[in-house]
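Chains X and S are the protein sequences, given in the same order.
Going by full-length UniProt numbering, the first sequence opens with residue 1, and the numbers climb by one from there.
Going by full-length UniProt numbering, the second sequence opens with residue 1, and the numbers climb by one from there.
Bear in mind the hints are in silico, worked out from the structure with no lab data behind them.
Be aware that a few hints might be false.
The list treats identical chains as interchangeable, and a pair is accepted whether it falls inside one copy or across any two copies.
[Said to hold, decoys possible] Taking lysine-lysine pairs in the DSSO-like style, the calculated list, with each CA pair at most 27 Å apart, reads:
#1 Lys-78 / Lys-15
#2 Lys-78 / Lys-102
#3 Lys-88 / Lys-102
#4 Lys-78 / Lys-67
#5 Lys-88 / Lys-15
#6 Lys-67 / Lys-88
#7 Lys-88 / Lys-78
#8 Lys-102 / Lys-67
#9 Lys-102 / Lys-15
All of these numbers come straight from a predicted model, not from anything done at the bench.
There are 2 protein chains.
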Amino acid sequence: MKSQRPYYAVIFTSKHTESDDGYAEMASRMEVLARQQPGFLDFESARERLGITVSYWENLEAIANWKANVEHQFAQQKGIDNWYSWYKVRICLVEREYHFSKQI
Amino acid sequence: MKSQRPYYAVIFTSKHTESDDGYAEMASRMEVLARQQPGFLDFESARERLGITVSYWENLEAIANWKANVEHQFAQQKGIDNWYSWYKVRICLVEREYHFSKQI
Numbered sequence: 001m002k003s004q005r006p007y008y009a010v011i012f013t014s015k016h017t018e019s020d021d022g023y024a025e026m027a028s029r030m031e032v033l034a035r036q037q038p039g040f041l042d043f044e045s046a047r048e049r050l051g052i053t054v055s056y057w058e059n060l061e062a063i064a065n066w067k068a069n070v071e072h073q074f075a076q077q078k079g080i081d082n083w084y085s086w087y088k089v090r091i092c093l094v095e096r097e098y099h100f101s102k103q104i
Numbered sequence: 001m002k003s004q005r006p007y008y009a010v011i012f013t014s015k016h017t018e019s020d021d022g023y024a025e026m027a028s029r030m031e032v033l034a035r036q037q038p039g040f041l042d043f044e045s046a047r048e049r050l051g052i053t054v055s056y057w058e059n060l061e062a063i064a065n066w067k068a069n070v071e072h073q074f075a076q077q078k079g080i081d082n083w084y085s086w087y088k089v090r091i092c093l094v095e096r097e098y099h100f101s102k103q104i
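Build the full structure now, drawing on both the sequences and the hints.
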């Protein structure tokens with residue numbers, strides 16, 4: 001990740017309905033598309049009972065542009081209509097970070 | 001969640017080693033313990049290839065206290081010694097949020 005502070009995290013937490021038709025393909029297409037957007041930094045995703053996707057962006061304008069992207073808008077509507085019973089989006093300023101990596 | 005702005009999110013992203021001995025029990029104990037801390041707001045977790053845990057807190061002091069909690073410190077060291085090959089912690093100010101909930 002091209003880390004540079006300050007940057008933003010968008011935390012997308014979701015609960016799914018029983019219909020998953022086409023979801024995996026769309027989720028993977030949205031990751032590819034997000035990675036092509038200006039201001040994109042990184043993307044992390046995991047799903048068990050909850051789905052949690054965190055994307056990282058250079059600034060708020062990049063986040064607004066990604067939200068307004070036409071193909072992403074279509075996916076968001078499909079999500080509301082079909083896949084999600086609930087979701088929450090939090091837009092966050094990353095104030096501090098640290099990491100650990102095992103010596104191999 | 002007792003939502004109140006401003007509040008903080010701690011995004012903990014991890015990759016696991018092949019050793020998962022005792023991990024599930026410890027992870028579930030840490031969630032119970034986190035929920036008992038002053039300033040705790042919410043906890044979300046999912047794991048596939050990556051593990052993503054996001055905890056939400058009223059302020060930075062609550063986050064620092066939780067990090068310093070003796071039982072949590074022991075778990076953090078066990079994580080470094082055994083379970084994690086890599087992790088990253090990001091402390092974030094939640095600036096904006098919105099949600100969707102399906103009518104039933």
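Indicate which option fits the pair Lys-78, Lys-67 if close means a Cα-Cα distance not exceeding 27 Å: within, between, both or neither. within (14 Å within a copy, 40 Å between copies)
Using 27 Å as the alpha carbon limit, work out where Lys-88 and Lys-78 are close: within a copy, between copies, both or neither. Intra 16 Å, inter 32 Å, cutoff 27 Å: intra-copy only.
At most 27 Å between alpha carbons: which applies to Lys-88 and Lys-102, within, between, both or neither? Answer is between: at 12 Å across copies they meet the 27 Å cutoff, but 33 Å inside does not.
Given identical chains, is Lys-67 near Lys-88, meaning Cα to Cα at most 27 Å, within a copy, between copies, both, or neither? Cα proximity of Lys-67 and Lys-88: in one copy and across copies (14 Å, 26 Å).
Is it within, between, both, or neither for Lys-78 and Lys-15, if the alpha carbons may be no more than 27 Å apart? Within. Shortest intra-copy distance 14 Å satisfies the 27 Å Cα cut-off; inter-copy 31 Å does not.
Given a CA cutoff of 27 Å, do Lys-78 and Lys-102 count as a within-copy pair, a between-copy pair, both, or neither? between (40 Å within a copy, 13 Å between copies)
Given a CA cutoff of 27 Å, do Lys-102 and Lys-15 count as a within-copy pair, a between-copy pair, both, or neither? between (33 Å within a copy, 10 Å between copies)
Give the relationship of Lys-102 and Lys-67 under a CA distance limit of 27 Å: within one copy only, between copies only, both, or neither. Between. Shortest inter-copy distance 20 Å satisfies the 27 Å Cα cut-off; intra-copy 36 Å does not.
Check Lys-88 against Lys-15 for me: Cα-Cα at most 27 Å, and say if that holds within a copy, between copies, both or neither. Intra 9 Å, inter 24 Å, cutoff 27 Å: intra and inter.
Of the numbered hints stated above, none is contradicted by the structure.
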